[in-house]
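Novice: Take a look at the letters that make up each chain.
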Amino acid sequence: MPPIFILWMGGFIVPKGAVMSADEIRRAIVRIAHEIVEQNEGVSDLMLVGMRTRGVPLAERLATAIREFEGETIGVGALDISLYRDDLSTRGTNVEVRPSEMPQDVADKKLVLVDDVLYTGRSIRAALDALIDYGRPERIQLAVLVDRGHRELPIRADFVGKNIPTAKDDDVLVQLEESDGQDQVIVTERRD
Amino acid sequence: MVKNASSPRTTRVAPSSQKRPAQLTERRAKTEGRSNAADISAERLSPDATWQRRHLLDLDDFSAAELVVVLDTAGAMKEVLARDVPRVPALRGKTIVTLFYEASTRTRASFELAGKVLGADVINVSAAGSSVQKGEALLDTIRTIQAIGADVCILRHHSSGAPYLAARESSFRVVNAGDGGHAHPTQALLDAYTLRSQLGDLRGRKIVIVGDIAHSRVARSNMWSLTALGAEVVLCGPPTLLPPGLNDAAPDAEERDLPPVRVEHDLDIAIEDADAVMALRLQRERQSGGLLPSLREYARLYQVNGERMAKAKPDAPVLHPGPINEGVEISTEVAHGSRSVVEEQVANGVAVRMAVLYLLLRGEQP
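Read top to bottom, the protein sequences are chains R and B. Each residue of the first sequence is one higher than the one before, counting from -13 in my numbering. Each residue of the second sequence is one higher than the one before, counting from 138 in my numbering.
Rather than coming from a laboratory, the hints here were simulated on the basis of the structure. Given the structure is predicted, the values throughout are model-derived calculations rather than measurements. C-beta atoms are modelled at their ideal positions from N, C-alpha and C, and glycine is treated no differently. One should not assume that every hint holds.
[What the hints assert, rightly or not] Interface residues of chain R toward chain B, partial, derived using beta-carbon atoms under 10 Å:
#, residue
1, ASP66
2, LEU69
3, TYR70
4, ASP72
5, ARG84
6, GLU87
7, PRO123
8, GLU124
[Claimed, not checked] Computed from the model, here is a short list of chain R residues facing chain B with C-beta under 8 Å:
#, residue
9, PHE55
10, VAL83
11, PRO85
12, SER86
13, ASP119
Sequences and hints are given; from them, build the entire structure.
Specialist: Below, the structure is given as C-alpha cells:
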C-alpha cells in the first residue's frame, strides 16, 4: 500500500499497511474458537461477552464458529464499560453509553471476554469490575484479536489472534465488516 | 477503532447555556441551537453525538439530537437500575449537593438515588433547618457549597432564574430542579423518556397537556422538549390558567418565550385522537386568587376521566408529574388505571437524572 497522509486528530498518520487481512482475521477467529472449546473441555456453561463496540461482532463470530463445529449454541453478551472507566474526566465527551446485555445469569458460568485490541489493560480492568457486578462467574478468560503490548496493569490474554509489536505512538485500527464494511487490521504511525 | 489513550483532542467551544442571563424578563434567542426535528431519524446516535453542556438550566435551547443523547444515555442507566446490585463507580469521588428552597419528594429523592447509584457522595441541604433559615442569602449559600467542594449543585428555588445566578457565580455544575414558574428540565426529560418508551418516535404525535399551564414550570419545559422532538403539543385549560403571550403573532421565532403550540379550551375536543395526555396538578391556591370559580366546575370541565380518555387513541398513556389531586385534575379511576404511567415516570426519573449527572460530569477537566 502506498503511504497515504490523512489528517487525524490534529496530526498526520502514516499507515504502515495492513497487518491482518480479512483471511487472516477469519482464520484467527476459527483457531481461537477451537482453543476456547479445547481449554474449557466443551461448551457447557460457556458464555461469550463482547466488549462494545467491536468486541461484540467478534464474540458473535466466535459463537458462530463454535456452533459450526460443536453443534451447540452458546450465549453472547454485550458489555459497555463506560460507567466503569478510570478516565472519566480526561476522556472526551463524544463516547456514547449503551446498555449492557447479558443473555443469561453470569453466576457459575465460564465467561470469555472478547475485545478487538489489548493495549494498556485498563479497559479489561474496567470490564472485569463490570462483569463481577453481575454475579460470581466460575472463571473469566480473555480473547483478543490483536495484542499490541504496552500493558499498564497485570493483565494478559488467554487467546490471541495475533501479537503485533507497536510503538506507543502507533494506532491500531481494527475494521470489521459489521461496523466498517471490511475486515482488516491496520497499524498507523502518528507524526504530529 | 483507535486504541491510544494519549490521542490529542480538539477543544470544543463551550455551550452558550452558561451565558444565559439571570433576568428572565430579558428576551433570549430561544430557538438558537434548535435543529429541525427531522434530524433525529436514526434511533441510534451517530458515533460523534455529543453533549457539551456545563449546566442544565432549561430545555429551551436544546436540539433534538441533544435530547436524544440524554434519553439514550438514560436507557443505559435503566439497565443499571434493573440489576440485583444497582451500583456503578462512574462518579466515584464526586460530590453532589441538593439545595432545595421548596418542598419536594420525588425530585429530591430521585436525584439523591441517581447520585448514589453512580457512586457519588450526595449531601442534602434544605432551606428549612439550614443557615437559610438564619437569613443567609442565596449567593452566600452558593459560595458555602462551592467551598465545601461540590461538583454539582441541584437547585430548586421559588424564584425564576435562581439557577442561572448560581451557574454564573460558582465553579460547580448546576442542575435546575425547578425555578419558580420557569422551568423544570429533568421532569420534562423524564416525561419525554416515558413518552418515547410508550410511543416510540414522537414526531407527529399529538400530546395534550391539560390544566394549570400558566403556573406550571413542568408544562413550559415539556413544551420545549416535546416540540423539539417533533411532537404536536396541544395545550388545554381555562383562559385564566394559560400563559399570556402564547402564540403571539408579533415576536419572530428568535424571541419567543414559548414554542408555537395549539391551544384548545374545550378538553372534549382537545383530547380527540390524542396519542398521550398529560394532566397537571391544579395548584389549589389559584382558586382563592380568583382564577377559578370553583374546584367542582374545574373538575367538571377539565378533569381527565375515563369518559374523556375514551376519545383519545386506544392505549394512549396518561402522565402526571405529581403530586396528584385525585378527583380534581384527574379521576381516581384514570390515575390508577391501566393507561396511567405515573409510576413509570417516577422510576424513569432516576434513570434520566443519572444520565444528566453523568453527562454533566463526564467531560469535566480535572
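Novice: Now, for every hint given, state plainly whether the structure supports it.
Specialist: Consistency of the hints with the structure:
Evaluation of the R/ASP66 hint against chain B yields a held restraint, the C-beta minimum of about 7 Å falling below 10 Å. Against a cut-off of 10 Å between C-beta atoms, the interface hint on R/LEU69 holds, since the closest Cβ of chain B lies about 4 Å away. Look at R/TYR70: its Cβ gets to within about 6 Å of chain B, closer than 10 Å, so that hint holds up. Restraint check, R/ASP72 versus chain B: the minimum CB separation of about 9 Å is within 10 Å; hint holds.
For the restraint placing R/ARG84 at the interface with chain B, the shortest Cβ-Cβ distance is roughly 5 Å, inside the 10 Å limit, so the hint holds. This hint holds: R/GLU87 has a C-beta 8 Å from the nearest C-beta of chain B, less than the 10 Å allowed. Using the Cβ-Cβ criterion of 10 Å, the hint placing R/PRO123 at the interface with chain B is not satisfied: the shortest such distance is roughly 14 Å. Of the supplied interface hints, the one on R/GLU124 is violated, with its beta-carbon coming no nearer than about 18 Å to a beta-carbon of chain B, more than 10 Å.
Hint status for R/PHE55 relative to chain B: violated, with the closest Cβ pair at about 28 Å, above 8 Å. The beta carbon of R/VAL83 is positioned within 8 Å of a beta carbon in chain B (closest approach about 4 Å), and the interface hint is therefore held. Because the closest C-beta pair between R/PRO85 and chain B is about 4 Å apart, less than 8 Å, the hint holds. Among the interface hints, the one on R/SER86 holds; its C-beta lies about 6 Å from the nearest C-beta in chain B, closer than the 8 Å criterion.
For R/ASP119, the shortest C-beta to C-beta distance to chain B is roughly 6 Å, which falls under 8 Å, so the interface hint holds.
Violation of the numbered hints given earlier is confined to hints 7, 8, 9; the remaining hints are satisfied by the structure.
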